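Protein chains in written order, with this note's numbering: chain A, 1 to 119; chain B, 1 to 119.
No wet-lab data here; the hints were simulated from the structure. Computed from a predicted model, the values in this text were never measured in an experiment. One should not assume that every hint holds.
What follows is a set of in silico ranges between Cβ atoms, one per label pair, in the way DEER data are often shown [as the list claims (entries may be wrong)]:
(1) B:N47 with A:R54: 43 to 51 angstroms
(2) A:Q37 with B:V78: 58 to 66 angstroms
(3) B:E24 with A:G21: 27 to 35 angstroms
(4) B:G61 with A:R68: 54 to 62 angstroms
(5) A:E95 with B:D41: 35 to 43 angstroms
(6) A:A110 with B:T80: 39 to 47 angstroms
(7) B:R54 with A:R106: 25 to 33 angstroms
C-beta atoms are modelled at their ideal positions from N, C-alpha and C, and glycine is treated no differently.
2 protein chains.
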Amino acid sequence: MRLRYKVWLEHEELGKAFGDGPLELLDRVERSGSLRQAAADMGMSYNKAWHLMRKLEKAIGFPLLECRSGGPHGGGSVITPRARELMAHYRRFREQVAQSLAELYRRNFADFGWLDKPG
Amino acid sequence: MRLRYKVWLEHEELGKAFGDGPLELLDRVERSGSLRQAAADMGMSYNKAWHLMRKLEKAIGFPLLECRSGGPHGGGSVITPRARELMAHYRRFREQVAQSLAELYRRNFADFGWLDKPG
Numbered sequence: 001m002r003l004r005y006k007v008w009l010e011h012e013e014l015g016k017a018f019g020d021g022p023l024e025l026l027d028r029v030e031r032s033g034s035l036r037q038a039a040a041d042m043g044m045s046y047n048k049a050w051h052l053m054r055k056l057e058k059a060i061g062f063p064l065l066e067c068r069s070g071g072p073h074g075g076g077s078v079i080t081p082r083a084r085e086l087m088a089h090y091r092r093f094r095e096q097v098a099q100s101l102a103e104l105y106r107r108n109f110a111d112f113g114w115l116d117k118p119g
Numbered sequence: 001m002r003l004r005y006k007v008w009l010e011h012e013e014l015g016k017a018f019g020d021g022p023l024e025l026l027d028r029v030e031r032s033g034s035l036r037q038a039a040a041d042m043g044m045s046y047n048k049a050w051h052l053m054r055k056l057e058k059a060i061g062f063p064l065l066e067c068r069s070g071g072p073h074g075g076g077s078v079i080t081p082r083a084r085e086l087m088a089h090y091r092r093f094r095e096q097v098a099q100s101l102a103e104l105y106r107r108n109f110a111d112f113g114w115l116d117k118p119g
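Required output: the full structure, derived from the provided sequences and hints.
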């Protein structure tokens, strides 16, 4: 037996605003310098990734990506400083959530003898 | 902006083993004394509720319901003592999860000024 969970940030009207998927996409943009490449690596169309970014930006209220034109590789996408800040906060939040839920699971269900049994 | 989450207990092979839905169903069985009534109140077929109970019992490894036959109302379903214990632990776990996640959300995202804004 094990604990499973999902967490995400949600805008009251616009729906999902940030979560593990967007974090992974932004991480990949940061490494590759390209939203197109990041989307492809996650099996997502560029069109879908682009719309997702616009929706997230609207929900959180600040830009996540900036376009850089020119340069030796013909430009690409760059993470904004506030996006980087959000990513760092969300990553830390996710780690603390994982620790806290594992501890609460142990504390509340240890009596049932499930915890170390496979299955 | 707000935090959303889902938590549940999962058996490695059998899938979902306990969560908010099963807790509500058992709560209703406890109050009504009838799985059929409890299922109907949740808009679920008796057949579905019955299969769900058998699956949960298999996953957690002990019986949740006992049938009582006879009596003035023609018998019904009764929660087992271990089911009651599981329900109490799960309810406490859910409360602690809610408190902990609200606190972690405040701690990590207070800087973004989202917390008290509607939307």
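Do the hints match the structure? See the list:
For N47 of chain B and R54 of chain A, the hinted distance range of 43 to 51 angstroms is satisfied, since their beta carbons lie about 45 angstroms from each other. Against the hinted window of 58 to 66 angstroms, the Cβ-Cβ separation of Q37 of chain A and V78 of chain B comes to about 59 angstroms, which satisfies the hint. Distance hint check: the CB atoms of E24 of chain B and G21 of chain A are about 29 angstroms apart, consistent with the given range 27 to 35 angstroms. Remark: the range hint 54 to 62 angstroms for G61 of chain B to R68 of chain A is upheld by a beta-carbon distance near 57 angstroms.
A hinted range of 35 to 43 angstroms for the beta carbons of E95 of chain A and D41 of chain B is consistent with their spacing of about 40 angstroms. Checked against the hint of 39 to 47 angstroms, the pair A110 of chain A and T80 of chain B fails, with Cβ atoms roughly 20 angstroms apart. Checked against the given bound of 25 to 33 angstroms, the beta carbons of R54 of chain B and R106 of chain A, roughly 28 angstroms apart, stay inside it.
Going down the numbered hints, you'll see the structure goes against just number 6.
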